[in-house]
Amino acid sequence: TALSPASSLPRSFLLKCLEQVRKIQADGAELQERLCATHKLCHPQELVLLGHSLGLPQASLSSCSSQALQLTGCLSQLHGGLVLYRGLLQALAGISPELAPTLDILQLDVTDLATNIWLQMEDLRSAPASQPTPGTAPTFASAFQRRAGGVLVVSKLQSFLELAYRVLRYLAEP
Amino acid sequence: ECGYISLPAPIVRLGDPITASCIINQNCTKLGPESQIRWKLETELQPGGRQQHLPNGTLQSTITFPHFNHSRALLSCCLHWGNGLQILDQAELQAGYPPTTPHNLSCLLNLTTNSLMCQWEPGPNTHLSTHFTLKSFKSRGSCQTQEDSIPDCVPEDGQKHCSIPRKHLQLYQNMSIWVQAKNALGTSTSSKLCLVPMDVVKLEPPTLWALEPSPEVAPAQPGCLRLHWETWKPSLHIEQKCELRHQPQRGESSWNLVGALPSRSLQYELCGLLPSTAYTLQMRCTRWPLPGHWSDWSPRLELTTAQR
Amino acid sequence: ECGYISLPAPIVRLGDPITASCIINQNCTKLGPESQIRWKLETELQPGGRQQHLPNGTLQSTITFPHFNHSRALLSCCLHWGNGLQILDQAELQAGYPPTTPHNLSCLLNLTTNSLMCQWEPGPNTHLSTHFTLKSFKSRGSCQTQEDSIPDCVPEDGQKHCSIPRKHLQLYQNMSIWVQAKNALGTSTSSKLCLVPMDVVKLEPPTLWALEPSPEVAPAQPGCLRLHWETWKPSLHIEQKCELRHQPQRGESSWNLVGALPSRSLQYELCGLLPSTAYTLQMRCTRWPLPGHWSDWSPRLELTTAQR
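Protein chains in written order, with the numbering used here: chain D, 1 to 174; chain Z, 1 to 308; chain P, 1 to 308.
Think of the hints as simulated: they come from the structure by calculation, not from any bench. Where a beta carbon is used, it is the ideal one built from N, C-alpha and C, also for glycine.
A short, non-exhaustive set of chain P residues, derived as facing chain D with CB atoms under 10 Å:
| id | residue |
| --- | --- |
| 1 | Leu169 |
| 2 | Gln170 |
| 3 | Gln173 |
| 4 | Met198 |
| 5 | Leu236 |
| 6 | Ile238 |
| 7 | Glu239 |
| 8 | Arg287 |
Quick list of in silico lysine-lysine cross-link-like pairs, DSS-like style, CA-CA up to 30 Å:
| id | chain 1 | residue 1 | chain 2 | residue 2 |
| --- | --- | --- | --- | --- |
| 9 | P | Lys192 | P | Lys138 |
| 10 | Z | Lys167 | Z | Lys182 |
| 11 | Z | Lys182 | Z | Lys192 |
| 12 | D | Lys40 | D | Lys156 |
| 13 | Z | Lys202 | Z | Lys138 |
| 14 | P | Lys182 | P | Lys135 |
| 15 | P | Lys135 | P | Lys192 |
| 16 | D | Lys156 | P | Lys233 |
| 17 | Z | Lys160 | Z | Lys182 |
| 18 | P | Lys167 | P | Lys241 |
| 19 | Z | Lys167 | Z | Lys138 |
| 20 | Z | Lys241 | Z | Lys202 |
| 21 | P | Lys233 | D | Lys40 |
| 22 | Z | Lys241 | Z | Lys167 |
| 23 | Z | Lys30 | D | Lys156 |
| 24 | D | Lys40 | Z | Lys30 |
| 25 | P | Lys40 | P | Lys30 |
| 26 | D | Lys40 | Z | Lys40 |
| 27 | D | Lys156 | P | Lys167 |
| 28 | P | Lys135 | P | Lys167 |
| 29 | Z | Lys40 | D | Lys156 |
Build the full structure now, drawing on both the sequences and the hints.
Right, here's the structure in full:
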């Protein structure tokens, strides 16, 4: 399969990842729209204090920065970040009956992308012996906290995906 | 928890007062004298929260809406922080009315579905989620005493009718039936019906045909029509009487009624009509002499009487 | 029990022999030498039952149908008694064929229902109740090894398609899929597909509009049309290429094709057409450069080119 010059990654793998990232961004945007419309939770900046008390972790993509791109480290951080966000999304279960279907699809799409990257890491022999565990998920004490947590988690996920998209686009450049 | 709203009653009568408190813990953020709790209803900032610093270091604000007239609104407890507001908790406030008494309860025994279908009028909108349940029990005599219980019949969401399946019915025994309406603000019960399912049977209309002239059947006289009819098949075991109504298709004359007809007739001659005139005929039947409801009128049969 | 039929195999291949025995106990009736067991197939008395009195006093008859060619028939064991026949037991005999290999298995990923819909052709009627099951597993590479299992997909009765829900799918990984057909006479399995769900995505057609002249949009040149289109919303995240086909409404000219168009265009001018002529236009799209199926053609758009 044709390799992208900027990396030793198959072009079809990168095109698939880009498609999946766009899908997850669309899923995330839909969830944000519904949280705003139904529950008036429209701005993550209004939930910073709550976020501190919930202790929501953040995923780093330091190995993917354009100045110091380190491919295997970047793939591993991409995969680790997706596993982290999948765990956070799972902790939102019971957010509300109307939002549940959108949340389910978002989780499935994030899982698919994480698996796609993991299998590519295995093909590159750069995958660690075992998959990273998502770590302890925050506990949401009320329906409000699950919804507010949903706004915070999805907004962090969107920022993470923005970075990921840029890296994948760079790697896929012919 | 950073902060939480506590509500003595999240659901009140429309127009009644509603009070909410918000308590913010120290571990949420450094609470200074300048810390300010603000309330939002949906997206509107609300004046009038009474704030106090409690001995244990927590900050509490209480707000009262004297005449709450939203059927549903989202209340947010916020805190001034940096140059913006932080939302710390939300609660859904609701207001409405307790259910009024369901009325016009009526039931029909449907022989096709073999079930007793009861319907009622719910009364004015309560603005609250109100659940209706059709309750009943088997009885003797005039429904004073309960013999056997019958499971509650829960209508599909928002429906104002419910069907009690055949297996819960004794078709020829009295049963007491009523509707209960329930929401967060109360419960109300309709007046009770006492009925025998079979006595509220509603039949499907009979089938009415013209009798075509044939070797056995001489053509009708001028001003007469030859008909035959059959009652609805699932009701063949029920003794019935039927009614026939007819009117000329043209003009404004009202229906003419021919009553007390048998439930089945192989050959019937209807006379006293105008010759060579187009008539519309319909038939309906009811259980008789035992009680029952009249069926709807059968589909229209259009026939023209013979010339003189 | 008075008497009972025993059948080594109640279901055989059509045309094969089938044998049945009937054993009648003494406690059923006083069995004398003249007692006679008779067999009926449906309602027809059957000759040829071999009868014997067993040492323990029971009476047994065995009958064989050398070439049984009813797909389904009722066999009755009867006894002459008084001046008639008494039916003592019945058994249902069936005959048919083992299932042939299901073929033409194909699958499409439906983005509306988010499920993988597979359909197949069952092959000739087996005359027996035959159950089809869509089986699959997740795999890597070319589906040689099974990674994760996927629950069987059981179609609704008689249906020749089944949809695997999104939660059992990994849209970007290989999976092996096949159909198993099973009835009383055997099992058969289709050839296996190895596919990536996303690579068999079938998109809904794009939406094609005429671009109305406006201050920003100059009217089209003679022999040209101004269009714009948008792909189906749920596929916005998928890179696609599209095709436009057009033909004059009158006359017999075939379709003209304009290929490799982008999946979205705010303003497109199609030229090289006959002036003041009514044209029919349609568009379809497919996932590209990644694999996928062409959508159906969009509904027809009818436009007329400007005069010279």
